[in-house]
Amino acid sequence: MADETRDAQWSEWMALAQDGDVVAYQSLLAAVLPLLRAIVGKRINDPDKGEDVVQDILLSLHRNRHTYDPKLPFRPWISTIAERRTMDALRKMYRQGAHEVLVDEYPETFLSDETNTPLEDDLVFASGDALSRALKTLPAGQQTAVELLKLREMSLKQASEVSGMSVAALKVAMHRALKNLRVEMAPKVERPKGGAVGK
Amino acid sequence: MNNSTENLIAALSQDLPPVKRLASPGRRLAGWMAVALPMSLVMGALVERQNMVLAFERLTNARSLLELAAILLTALTAGYAALCGAQPGRAKHAWMLPVLPFGAWLALIGESCFRLFEQVGPEHFSFAPHWTCYPSVVATGAAPALVMVILIRRGMLTSPTETVALSVLAASALGAVGLRLFHAPDATALVLMWQLLATVTFLALSSLISAYLNNRSASA
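In the order they appear, the protein sequences are chains V and X.
Under our numbering, the first residue of the first sequence is numbered 1, with each subsequent residue one higher.
Under our numbering, the first residue of the second sequence is numbered 200, with each subsequent residue one higher.
One thing to keep in mind: the hints can contain errors.
[Said to hold, decoys possible] Example chain V residues on the side facing chain X (calculated, C-beta under 8 angstroms, incomplete):
1) GLN26
2) GLU51
3) GLN55
4) ASN64
5) PRO76
6) TRP77
7) THR80
8) ASP88
9) THR144
10) SER163
Since the hints were derived computationally from the structure, they do not count as laboratory data.
Ideal Cβ placement from N, Cα and C applies to all residues, glycine included.
One chain only, chain V, in its complex shape (with noise of 0.2 angstroms):
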């Protein structure tokens, strides 16, 4: 019984949703994780990239939500979605995991100790926190704009319709955001004079 009302109310918020409700469509949106991270958790064992296909379906469901029926049950709706997604996140690891090898250490490049000697600020920037640091620089639109096209690998019309910038304000956050992004890490790139680069 307490599964009907919660379904009834989950089909209520996406009908809302389908006319535009902010609130419902975030209610919605929160409510539904717990089931999403269920049927991904079934099959993706890896809780980061579990919650990056979570971020897929919530996004196709995003771009999907006028094919929902509200005079059908939400749950199998949603589900559908997910398990769909899901398959594909694990085919792309299948795909990839077939064309990588795992490496302990990096192969040498050249002879000279110098460059096979990792550089502190190479460590920094390897790790990505040198990254994470210079991305939370921008300003928020370079951010939207950096997190859907690149992180996310959207398109640019799904940037624009996830973000709700336009398509051309995309494109100039995108450059902004790049010129930005060079200025802030250039220091951790630089190496000390005499010094030869290795990779």
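Chain V is fixed; fit chain X onto it per the hints.
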């Protein structure tokens, strides 16, 4: 809640425009039939205008009517199942609907082939391509395939393989109605094979063009 997921929900909820709901598969199927069937029949009649008398004869022949009914039912059931496949949460077993009418259609084609084989003998019975049939196949099959692509793309493919296969069957069957009426030789297995091949080509081309246009508008 994970921070980035929370941000994503906030971003998705920002400035939420109302959306036009996808019509039910039944209504979309009715739209498909209303647009694609007349176009297919008109194109078939134009390409095979010398066979108009033959078409009227076939409409009064019981066996031809039986075959037309099986073809039309195949188109209806496969079309309905394909449109269900393009809408998440719809009945998963809809793909079984065309099994019976398609089976009946194949049985009737098999019987036609057998009769022809008995009449002409093994030396004159051939599966070689009849290039003269191809314009009729293209003329009758284009509209059903193109309209089906538009309808399918408006939904979401959760089982792409099944949905595309059902779309091909539906569009081929609807095109075969015009072919069965206007085309002079009896609809044999060979004609059906050409019809399926032509529909696959239409669907692939339409999808490629549509994907190209989508990419272009996204990067514009």
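Quick one: which hint numbers does this structure break? Sort them smallest to largest.
Of the numbered hints, just 8 does not hold.
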